[in-house]
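*Asks:* Residues per chain, in single letters:
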Amino acid sequence: MTNNRFTRQSFLGLDSDRTFSRAVVAIIGVCGGGSHIAQQLAYLGFRNLRLFDPDHVQEPNLNRMVGSFPGDTTKNKTDVIRDQVLRIQPGASVELFPFKWQEQHAALRDSSIVFGCLDNFGQRDELEAYCRRFLIPYIDIGMDVHEVAKGQFSISGQIITSLPAEPCMRCMGFITEERIAREAERYGDAGDRPQVIWPNGVLASTAVGVGVSLLTPWCNFSELIPFIEYDGNRHVLRPSSVLSMLQGRECPHYPSDAVGDPFWQLGRKLH
Amino acid sequence: MTLHLRLTGKLFERLHDDLSRRHQHSAERVAFMSCLAATMKDGTLALLGAGFHPVADDDYERDPSVGAMLRASAFRNVLQIAYNCPVSMLHVHRHEHRGMPWFSDVDLREAHKYVPDFWKVRPGFPHGILVLSHDSAAGLIWMPDSGVPSRLRRISLVGAPMREIRHDK
Amino acid sequence: MSETKDELDDLRAICPEVSSISDGGKDYLLLPQLKVTTDGKVLRMDALLRPGEHSGYRTRLFLAEPLPGKGRGGGWSVHSICGRVWHTWSWKDVPETLPLPQMLLEHLWALR
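Chains as they are written, first to last, in this note's numbering: chain A, 1 to 271; chain B, 1 to 169; chain C, 1 to 112.
The reader is advised that the hints may include incorrect statements.
[As the list claims (entries may be wrong)] Here are the simulated distance ranges between beta carbons:
no.	chain 1	residue 1	chain 2	residue 2	range
1	A	N120	C	D6	35 to 43 Å
2	B	M1	A	N120	22 to 30 Å
3	B	G124	A	Q58	22 to 30 Å
4	B	E13	A	W218	16 to 24 Å
5	A	Q58	C	D93	32 to 40 Å
6	B	G99	A	R179	18 to 26 Å
By construction, these hints were calculated from the structure, which means they are not laboratory data.
Built from N, CA and C at the ideal position, the CB exists for glycine as well.
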């Protein structure tokens, strides 16, 4: 019996090592949530990662950006996470896109899965639309901390899996025009949103688990839970109650024929 | 140029469901799938499954010498679709076995006749053929005005779970 | 698309090859090689007009290339629509109730 570093995860399937090594995974945002995801994917044996993040490391990131250390401030976040991935998985192909993902969107098109770790509804909306257009599974995570009474806080979060031909984030009521508009009004006044490592870890780990379940047959489940809510005060993950309203409904936001590049012409340069 | 077909698991199931239906006199069924194109960063051309277009029962000829023979009306319907929308059209049928399927001499001979018709209504777009088995698939794509088709190197089924069929050789 | 044929025909006077396109449940008007005048220079580039709500704006005009430093309102941002990258700036309050040609011209005016 082979006894290599992946022996203990052989239950994921005979071909899981090859599946992971061939999959191309994009992570949009590599700070709180995305850094966990990158680390876990590297440990699992994923060898083709594409990291998107336009920011450089700042002091307030160091409380939660897995793989970052005090000497890393002013470095590009993508550089720091690449280095972490390569420590775990030497020889991995880690492509860096220290830009807004829209500026290098073509690099997403052949992804097996896209993980979105953005803190902005408008950005999520565009990323989901892009993934739908190119038939890419999109797994979104995010957390919020709210002050519910003076000195009392609530932590919440979500893992949403948006698969082509299945309900989208608009169907689930997670993305709405009102939320996007309110966010746009607050632009510049947003300040520093509270963030802490352990909820990011819970959400990222769950997202990685969902991703692995999409790629390998280990649990033979027939029902994906596309919207998982995180109650950070009770430390509970549960299916969102909105899912019961989505049973059997087709997504009206992304028709099945709204795929591909509407500007495609043979030999034409990518925009 | 590397060619890749990507479609949802749901669309793939619809194809199988339709092709599984018995026909009065035709031994096999045929369907068409419309696809939209996209170029990947590395130059790979991806065809993304968009629509499923079954062939009506009345559009099969009685011809026991072949699995299925379509009337001209069947082709007229899908040619009209390709004329109206900027799509690539794939002719789809199934061989009743497990394992990697491939096209028979008859499949290829007939495809060489009807695929060029799609360029009359939708020039500049690739068109082709897809054959399924009960657990796999293979395809050939003709680039515009090319007499020689290229094999689909990858067929990706996007859903829960995902599935990839590779023809890397 | 809720725009009438007449409205699209009116828009053709400004951009002859205007066409409708949809993404993520929103309708847009694609304006290939639209004439954009800025700082006395005439540029031609593809543009996308969203004649309705987008990212908190009542209507919005997106351009294939950014014009940093130009545009009343400033605040250029990058977006992905229909699988392609687009650029827009913070020019608010062009109402969705305007006829399409006037809506487009109000956005273009802000770039002069």
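*Asks:* Tell me if the beta carbons of B:G99 and A:R179 are separated by a distance inside 18 to 26 Å.
*Replies:* violated, 49 Å
*Asks:* With 22 to 30 Å as the target window, see if B:G124 and A:Q58 comply at their CB atoms.
*Replies:* violated, 49 Å
*Asks:* Could you say whether the range 35 to 43 Å given as a hint is met by the Cβ separation of A:N120 and C:D6?
*Replies:* holds, 38 Å
*Asks:* At the C-beta level, are A:Q58 and C:D93 separated by a distance inside 32 to 40 Å?
*Replies:* Holds: the Cβ-Cβ distance is about 35 Å, inside 32 to 40 Å.
*Asks:* In this structure, is the beta-carbon distance linking B:E13 and A:W218 contained in 16 to 24 Å?
*Replies:* holds, 22 Å
*Asks:* Take the C-beta atom of B:M1 and the C-beta atom of A:N120, compute their distance, and say whether it sits inside 22 to 30 Å.
*Replies:* violated, 37 Å
Figure legend: structure checked against the earlier numbered hints; hints not met, in rising order: 2, 3 and 6.
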